[in-house]
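S.K.: Chain by chain, the residues run as shown.
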Amino acid sequence: MKQAGIVIEMENCRVKETSLGMVTLAGRTADSLTALVMSGISDDITDHLSAHGVHTIVDLSLPDAPEIRQNPAVQATAVVHAARKLKLDRILGLSSPEGKDLLPRVAALLDAPLIMDCVDADLNTGTATTSQYSGKMMAKIQLTGEILMFGIRPNAVLPESKPVPAKTVAMTMDAVVPENISLLSWDEADTEGRQSLAEADIIIAGGRGLKNKNNFSLIFDCAEKLNAAPAASRVAVDEGWVPYAFQVGQTGEKVSPQVYIACGISGSIQHFAGMKTAKMIIALNKDENTAMMANCDYQVLGDLFEILPEIMRQL
Amino acid sequence: MQIYVCVKHVPDSAANIHMIDNRNIDDSVPFLMNPYDEHAVTEAAALKKQIPDSEIIAMCLGKKDAESTLRSALAMGADRGVLVETDDMCDSMTTARALHAAIIRDGGADIILTGKESIDSEGMQTQFRVGALFDFPVVTNAASLEITNDKARVSCELAGGRIRTYELTLPCVIGAGRGLNTPIYPTFPDVVKSRKKSIETVARSQLDVSDAPGSAKIISMTPLVQKRNPRKINGTPTEQAAEIIRILRQEAKVLS
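First to last, the protein sequences are chains A and B. According to the working numbering, the first sequence is numbered sequentially starting from 68. According to the working numbering, the second sequence is numbered sequentially starting from 2.
Next up, chain B with everything else stripped away, as it sits in the complex (with noise of 0.2 angstroms):
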């Protein structure tokens, strides 16, 4: 079975984001694989148990630093890795093509795999614009995952622990969640292995990749900061349960 799973090479989630100008962010700071791909990789490492005669090819879209994700997922059981390189700020259209067209350009998929979706963008989307790209069924937020031949089951969280299960026939393409599997922490020798496997870069220009009918374009960028002016409730635990009482009947008017 050939399985893809798309990465993206994401600032650190403790990282403080701050502004170049009012577009782009520094980016000297660390930059990590997107914690929902580590599941999606850890899942395929788990099929290709299940599915020895199995490859895990890892794609990400980025710039050449983006290299030290892909080499994360080889060590975390990714067989081989492509890069498809690029400068550019790319929005989930854009993506969605070019990694539709570096997986028909490598071969062809049976399963793909990624992150429900990025922590820096938080778009939510890319996987169902593949999806309807390759036209596979998809679906997002996975929290158990079996194949048996060619169809996939596959539970999927809404809020509040509520669970739809789907049935997909392969090929298939599946946005992972934090409820799938827990990530993979390599092991030194994992390490040590996955510097001897490939990593193939393309160029995005390179690609046979259409133009998008439709763009999304940052056009400003703020920092959020709410700069709250905190004031004390004093008292003894019967006359702070009390004012919190009245705030939120009074102030907040959330309670009859």
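The shape of chain A in the complex, shown without the other chains (with noise of 0.2 angstroms):
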């Protein structure tokens, strides 16, 4: 009887997608699904959760003082107690941002194996199928100890509907609050609206191609047309025209979202490094020999100065 405990993350009081994807590819292989919730328990998170296949939600009880409730160090002592007092073999959480930040503490203090950014696990034989060589390889991982750790790629795994009745349970703990690391201030997630690149179906990302900084709000503005992410090739954050945050590739963001759209982006390996998961890639460019043309679902030959604004006109 494999017990999974999984990390739900929350965006605007509602349970992600990108949680709900994980709870799907949990639901495959394991016996029953047991979901840890940090934000306190509604109705809305209840029903989505067991319409997925849910059995147990587990509120964890963080204390209410922001700086205390979104430390990762204050969290990660939250999952290890329930792991522990719930008996919970297998533990999942996504591979995004904040996962990033709490999943590997969560390892370290139970000193369980841990594999990150997985696109498929088998929690029944403890296997994990997860990128190495930044992007370049597969590799089929197998875990082994008495506690199993997952971090799942967002949207390797769409949703699927599977209702169950689900239990909601409490967890009481005095939590303990680390004297050695606190949390001064944060940012809030996405004051500007955006989608979080590791999680967006859509992703349009710019490159060389863009010219210039002037020219790179093209994207930012096609993004919110699309609703979509935008995203940049390492050119694009080296010349300065974007932030280093949005840069994709091998030494930036992995992603696998539905859509890739590339424009003015030749396609080093490095870029596909960190985007070749993509479920389809529309190229634009108006050079047709580049390895992202020619590794690509939909060639886009042209002018992209005049092709996004033709976009954003027709919506």
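No wet-lab data here; the hints were simulated from the structure. Where hints are given, some of them may not hold.
Unchecked claim - For each label pair, taking beta carbons as the anchor points, the in silico distance ranges come out as: (1) A:Glu-373 x B:Lys-218: 47 to 55 angstroms; (2) A:Glu-78 x B:Asp-54: 23 to 31 angstroms; (3) A:Asn-191 x B:Asp-28: 32 to 40 angstroms; (4) B:Thr-237 x A:Asp-254: 39 to 47 angstroms; (5) B:Gly-108 x A:Asp-305: 35 to 43 angstroms; (6) A:Leu-251 x B:Thr-237: 50 to 58 angstroms; (7) A:Asn-356 x B:Asp-28: 31 to 39 angstroms; (8) A:Gly-107 x B:Asp-54: 43 to 51 angstroms; (9) B:Arg-232 x A:Asn-282: 42 to 50 angstroms; (10) B:Arg-196 x A:Ala-361: 41 to 49 angstroms; (11) A:Ala-361 x B:Ala-243: 54 to 62 angstroms; (12) A:Asn-356 x B:Asp-54: 52 to 60 angstroms; (13) B:Thr-223 x A:Lys-278: 34 to 42 angstroms.
Stated by the list, open to error - Pulled from the structure, derived: some chain A residues nowhere near chain B, Cβ distances all over 10 angstroms: (14) Cys-80; (15) Gly-107; (16) Ala-118; (17) Ser-128; (18) Pro-130; (19) Pro-133; (20) Asn-191; (21) Lys-207; (22) Met-240; (23) Arg-275; (24) Ile-328.
All figures in this text were calculated on a predicted structure; none of them were measured in a lab. Ideal Cβ positions, reconstructed from N, Cα and C, are used throughout, including at glycine.
Reconstruct the complex from the two isolated chains, following the hints.
M.R.: In structure tokens, the structure reads:
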């Protein structure tokens, strides 16, 4: 019997779609699914989770003070406490920006093996599929140990409906507030209403073809119209057209959106490393002989300064 | 201040990786210091300028040829290097134990810097495991670091430029991100000077390392090639835009 605990992420008081996808993935190979919720539980949260196969919904009952409840070191101790108390033998979370700061903390405290950025996981056999060598390889990894942990790449699996009856449980714990690490300040999620790169359905990315910083606003405008996340290649970042946080690639964000629209990006091996698991790639370039144009699903040969404004006009 | 920098010897990011069997890569490609670790070494050098009686010790777990990565760290400003030598592929639980034991054997740290992840195994966790073994606080993807007395104030990057700022009590472990600094590019005199600095080699088997209660082991690996067959979208810009929108709506179903 595999008891899987799933760390749930929220956005605007709702369960993230990517978290529901992770629930679906876990439900394929675990016997029982326990959702670990850090934000307090509402009917809406319960409904969404039970509609996707979660049997038990646990309120981790973090302290109210935001600088304590947002501190990943505090969150990690709460997850560890729940894992031990509920005898979970598998723990999953998203390999999202927040997850990258939380799951390794949990793994370190539990001294349990963890694979991040899994595109697939079999909780029964304890194997995970993840990228290695910066997205150039796919490795199947066998985990051993009492508790096995998996960080799931957002969007790796889409949510599927699987209604089950769910019960809710509130954890009671004395939160251990660590003395050696305190959170002084933090930015709330997406102040500008932009989609996060790791979790967006559509990503529209610009590269050298944008030519300068001013032109790059075209990518941002188009992203807003498409409800997409804007992104950039390393060239655009190194040239100072956009901040590093927007970079996709080997030393940037690794993404798996439904659609990746590459505008004026030639497609270096390092850039592909960050986005080649996109379900669909649309390449826009005025040069037919680029790696991106050769390795995409739709090739749009033309001037992006004409095509992108036209897309915005037609939406 | 004793500043330890943990660096990893990894295949060059621009190299094409080939397999020799279903588990191991052809390691005849060039190997370099992990790019994120360059930021860690650079930050260590900046800290030493601020706190002059500091010593920077670069530490690396790897095969004999990982010495060249330690040599790069010395050229970038580390004072000496320690190679924890092993021919084994180590997972993060084993690696953290070896680094922990090697740092204790060497004397003990006031601060441990490393990259936020390695570009080969992409584990993103060794820094947290080293921290837990020492019971030191850890942050990752650091974009700025300020040390005053026994505290470190660190801003860490989440996605989309979002920042979390922490205060840590020293000793602590910092996972460097790309936003932290611009890596030092050693000058020729730096390289010459680094040749005189010492690199000590310790066999991993000589260290007092406990067995990990779990493991992560590669059972198979395949190149990730997704051969796509591009279809052309032709026409005027207006027609091309209309077709892209149709594809987003009807095929990908990501647009209402």
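S.K.: Work down the list of hints and note, for each, if the structure agrees.
M.R.: Now the hints, each set against the structure:
no.: 1; hint: A:Glu-373 x B:Lys-218: 47 to 55 angstroms; verdict: holds (52 angstroms)
no.: 2; hint: A:Glu-78 x B:Asp-54: 23 to 31 angstroms; verdict: violated (48 angstroms)
no.: 3; hint: A:Asn-191 x B:Asp-28: 32 to 40 angstroms; verdict: holds (34 angstroms)
no.: 4; hint: B:Thr-237 x A:Asp-254: 39 to 47 angstroms; verdict: holds (43 angstroms)
no.: 5; hint: B:Gly-108 x A:Asp-305: 35 to 43 angstroms; verdict: holds (39 angstroms)
no.: 6; hint: A:Leu-251 x B:Thr-237: 50 to 58 angstroms; verdict: holds (54 angstroms)
no.: 7; hint: A:Asn-356 x B:Asp-28: 31 to 39 angstroms; verdict: holds (32 angstroms)
no.: 8; hint: A:Gly-107 x B:Asp-54: 43 to 51 angstroms; verdict: holds (50 angstroms)
no.: 9; hint: B:Arg-232 x A:Asn-282: 42 to 50 angstroms; verdict: violated (27 angstroms)
no.: 10; hint: B:Arg-196 x A:Ala-361: 41 to 49 angstroms; verdict: holds (44 angstroms)
no.: 11; hint: A:Ala-361 x B:Ala-243: 54 to 62 angstroms; verdict: violated (24 angstroms)
no.: 12; hint: A:Asn-356 x B:Asp-54: 52 to 60 angstroms; verdict: holds (57 angstroms)
no.: 13; hint: B:Thr-223 x A:Lys-278: 34 to 42 angstroms; verdict: holds (38 angstroms)
no.: 14; hint: Cys-80; verdict: holds (18 angstroms)
no.: 15; hint: Gly-107; verdict: holds (21 angstroms)
no.: 16; hint: Ala-118; verdict: holds (20 angstroms)
no.: 17; hint: Ser-128; verdict: holds (22 angstroms)
no.: 18; hint: Pro-130; verdict: holds (17 angstroms)
no.: 19; hint: Pro-133; verdict: holds (12 angstroms)
no.: 20; hint: Asn-191; verdict: holds (15 angstroms)
no.: 21; hint: Lys-207; verdict: violated (5 angstroms)
no.: 22; hint: Met-240; verdict: holds (19 angstroms)
no.: 23; hint: Arg-275; verdict: holds (17 angstroms)
no.: 24; hint: Ile-328; verdict: violated (8 angstroms)
Of the hints listed earlier, those the structure fails to meet are numbers 2, 9, 11, 21 and 24, in rising order.
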